[in-house]
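Number of protein chains: 2
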Amino acid sequence: MKAVGVIVEYNPFHNGHLHHLQETRRKTNADCLIAVMSGNFLQRGEPAIVSKWARTKMALASGIDIVIELPYAFAVQAAERFASGAVRLLAAIGCRELCFGSESGDIAAFLSAADTWSEQQEPFDSLVRAELARGQSFPRAAAAAWQALGAAPLDLSKPNNVLGFAYVKAIRQHALPMTPHTIPRRAAGYHDESASHPSIASATSVRKILRQTGQLEAVAAYVPAAALDQLRQYQETYGRLHDWEMYFPLLKYRLLTATEADLRRIAGVEEGIEHRLKQHIAAAETFAAFIAAVKTKRYTWTRLQRLCTHVLTHFTKEAQSEAADPTYIRLLGMSETGRRYLQQVKKQLALPLVAKAAKLNGDPLYEQEKRAAAAYAAAFPEPLASRAFREEYATAPIYFSGMERK
Amino acid sequence: MKAVGVIVEYNPFHNGHLHHLQETRRKTNADCLIAVMSGNFLQRGEPAIVSKWARTKMALASGIDIVIELPYAFAVQAAERFASGAVRLLAAIGCRELCFGSESGDIAAFLSAADTWSEQQEPFDSLVRAELARGQSFPRAAAAAWQALGAAPLDLSKPNNVLGFAYVKAIRQHALPMTPHTIPRRAAGYHDESASHPSIASATSVRKILRQTGQLEAVAAYVPAAALDQLRQYQETYGRLHDWEMYFPLLKYRLLTATEADLRRIAGVEEGIEHRLKQHIAAAETFAAFIAAVKTKRYTWTRLQRLCTHVLTHFTKEAQSEAADPTYIRLLGMSETGRRYLQQVKKQLALPLVAKAAKLNGDPLYEQEKRAAAAYAAAFPEPLASRAFREEYATAPIYFSGMERK
Numbered sequence: 578m579k580a581v582g583v584i585v586e587y588n589p590f591h592n593g594h595l596h597h598l599q600e601t602r603r604k605t606n607a608d609c610l611i612a613v614m615s616g617n618f619l620q621r622g623e624p625a626i627v628s629k630w631a632r633t634k635m636a637l638a639s640g641i642d643i644v645i646e647l648p649y650a651f652a653v654q655a656a657e658r659f660a661s662g663a664v665r666l667l668a669a670i671g672c673r674e675l676c677f678g679s680e681s682g683d684i685a686a687f688l689s690a691a692d693t694w695s696e697q698q699e700p701f702d703s704l705v706r707a708e709l710a711r712g713q714s715f716p717r718a719a720a721a722a723w724q725a726l727g728a729a730p731l732d733l734s735k736p737n738n739v740l741g742f743a744y745v746k747a748i749r750q751h752a753l754p755m756t757p758h759t760i761p762r763r764a765a766g767y768h769d770e771s772a773s774h775p776s777i778a779s780a781t782s783v784r785k786i787l788r789q790t791g792q793l794e795a796v797a798a799y800v801p802a803a804a805l806d807q808l809r810q811y812q813e814t815y816g817r818l819h820d821w822e823m824y825f826p827l828l829k830y831r832l833l834t835a836t837e838a839d840l841r842r843i844a845g846v847e848e849g850i851e852h853r854l855k856q857h858i859a860a861a862e863t864f865a866a867f868i869a870a871v872k873t874k875r876y877t878w879t880r881l882q883r884l885c886t887h888v889l890t891h892f893t894k895e896a897q898s899e900a901a902d903p904t905y906i907r908l909l910g911m912s913e914t915g916r917r918y919l920q921q922v923k924k925q926l927a928l929p930l931v932a933k934a935a936k937l938n939g940d941p942l943y944e945q946e947k948r949a950a951a952a953y954a955a956a957f958p959e960p961l962a963s964r965a966f967r968e969e970y971a972t973a974p975i976y977f978s979g980m981e982r983k
Numbered sequence: 578m579k580a581v582g583v584i585v586e587y588n589p590f591h592n593g594h595l596h597h598l599q600e601t602r603r604k605t606n607a608d609c610l611i612a613v614m615s616g617n618f619l620q621r622g623e624p625a626i627v628s629k630w631a632r633t634k635m636a637l638a639s640g641i642d643i644v645i646e647l648p649y650a651f652a653v654q655a656a657e658r659f660a661s662g663a664v665r666l667l668a669a670i671g672c673r674e675l676c677f678g679s680e681s682g683d684i685a686a687f688l689s690a691a692d693t694w695s696e697q698q699e700p701f702d703s704l705v706r707a708e709l710a711r712g713q714s715f716p717r718a719a720a721a722a723w724q725a726l727g728a729a730p731l732d733l734s735k736p737n738n739v740l741g742f743a744y745v746k747a748i749r750q751h752a753l754p755m756t757p758h759t760i761p762r763r764a765a766g767y768h769d770e771s772a773s774h775p776s777i778a779s780a781t782s783v784r785k786i787l788r789q790t791g792q793l794e795a796v797a798a799y800v801p802a803a804a805l806d807q808l809r810q811y812q813e814t815y816g817r818l819h820d821w822e823m824y825f826p827l828l829k830y831r832l833l834t835a836t837e838a839d840l841r842r843i844a845g846v847e848e849g850i851e852h853r854l855k856q857h858i859a860a861a862e863t864f865a866a867f868i869a870a871v872k873t874k875r876y877t878w879t880r881l882q883r884l885c886t887h888v889l890t891h892f893t894k895e896a897q898s899e900a901a902d903p904t905y906i907r908l909l910g911m912s913e914t915g916r917r918y919l920q921q922v923k924k925q926l927a928l929p930l931v932a933k934a935a936k937l938n939g940d941p942l943y944e945q946e947k948r949a950a951a952a953y954a955a956a957f958p959e960p961l962a963s964r965a966f967r968e969e970y971a972t973a974p975i976y977f978s979g980m981e982r983k
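Chains A and B, in that order, give the protein sequences. For any residue, its number in the numbering used here is found by taking its place in the first sequence, counting from 1, and adding 577. For any residue, its number in the numbering used here is found by taking its place in the second sequence, counting from 1, and adding 577.
FYI, nobody ran anything at the bench for these hints, they're computed from the structure. This one's a predicted model, so the numbers in the text were calculated from it and none came from an experiment. Just to be clear, a hint being listed does not mean it is correct.
If you only want the chain A side, here are some residues facing chain B, beta carbon under 8 Å, derived [said to hold, decoys possible]:
#, residue
1, 718
2, 834
3, 835
4, 890
5, 951
Some chain B residues flagged as far from chain A (calculated, every beta-carbon gap over 12 Å) [what the hints assert, rightly or not]:
#, residue
6, 708
7, 724
8, 925
9, 960
Think of the CB as a built atom: it goes at the ideal place given N, C-alpha and C, for glycine as much as any other residue.
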């Protein structure tokens, strides 16, 4: 069976993701589509709108065959570390191909950029430095350097190109036997918050519409019925969807009771930013107001969100350095096809495949996963907080027979 | 002017406290009655039912002339450290006399017990050890030792006797020029939760009645009108009174996201209790259920509450060891008499008298006070959380002209 990997967040799953899956199957003739997915917190330092289990169900209902978890220590990171964890897990579960969405849509551009970057590292770096010194932005400097070295200039001002480039680089760096493909993203840009296409909107826009209207029906045009159903079930169980504001009281409590020395132990706290965090937290009444107050040119919104997520989940530099490599493949869910695939390959996998979270107790990567899950659950009142946390370690991988598919 | 000290929590102020103040004035002919009072968290490891400011107003309205704060690092401690901080602060502000309530009511018994304890320490300790080895409780062992050494046997099974003995010992230990007096406590015992006397009930009973009925009027018989008025005003402003259950979500969040190594840094976490805390927290849905699950013969309810308060307020062993001695006298409030007294003595005080909390920034004792205040405020929703925390450092000492007295 031919296994093809995708790297996803599904926050929430929407028609653009469905398009990407269909195109991936068409382009690669995959027998088994494997997604490595972020858990409770996402790459840009935000809580997932619904749990990993609800998002796993969305994925399986829409054509994914296997969902495995990208551990927190890789998921809530800038592109390089995120990519490095994700492609290594896909390789470990036997994917020889990867297919990612990008603004570029041209895999040759990624390959040539990565070749230049790895084989002509010194001239590339010195060209970039020269351009930066002339006041160019990093994306423009990199494009100029590639052009000067005869490579196709990849536009790194586009977020999906940045991630794609990181995937291709990580494949090279770890010498993984994996062929990358890319599919052009349709219609909505990654950051685009305004929905103009009739059925495609970015996850950011979908969340924004949900937040502004409070109505699940308002996104029905952009989200497959099965995904909408998961959002509805989650909201019925937990009374709400997740957003950062829900965690602000916990973040504020933590920032006010931690000393600056405690904050310096947290991953991502560098260059004295702990002073700014302490300085602005007491007066802030919302997360948005807090980040706006702390933000500087150097500390972007995303970087601060990620850092605040690390404060919230108590992800220390020590935990980060203990978590340099994936140590297990955690199964979140599978279809019948996925089950057959795993049956076939499970004895040859490079890392242990784990279905029962209890087996991972003591593994530094999983201990951080539990801390993240505890923080994710903590904003609910009891008994929902206990229920949400229990879901983390007591839920069996979702099995999706296909009968549930609409 | 003759200044006499009392050591209080006023959680809340009730008729028994009023009786103690009237008896103290009668017995000592005090010109100026000075209370050293716990702040946001109390000796037995509980949040104060209302803020330090509301409780300061209760005190001033009922005859106290000066209220100073017992810093968190002394307030939330077993009897010896609590006493040691309290009597040194009273001595530092010029009290030559101390008057405490006790079950015994006989100061000679305290003095003779303390003399024996300090002058015949070795025979006393070995007698106590022998009795303990025979299976006696500590109070019975101590009573037997005192009797054998010819001293009056003080009953240390009574909580106010325990505190009183600690005050007298601390006066001796620090060689303070301070004469202790004691007044027998009337009617209700310290721990007594049932109200049988028509106008006297313990603070524990008063809080229990408030919790069970949700009605301030239900305690009107036991609480002076001015104190009841403070409870009412606080409830109107903040929507509720404080209790431990209100903090359970924060405690649970903290216990689940901290590592065992983090918990070992917290004051009071000894002998592996961090394992039990971690073991029982996930399933607990209330504070009471949690403590009941963790409790052992060795770890009593009070000891666990205190330790949980330290987790909640992030009071570390390091912070505790930095806070061995009082470094300032923080003024919370004063009457006109109090103002005149301070005018008279302020140049001779042994420690700086501080009215503006901002002047204390950086002092380890005050940094812990702010952490405690942040935790105390954090259970409120915004904007009340910000308001409650701001009260900590932006409130000027209460001035009570006497015109407000009813």
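> Which of the stated hints cannot be reconciled with the structure, identified by number in ascending sequence?
Replying inline: The structure breaks hints 1, 9; every other hint is satisfied.
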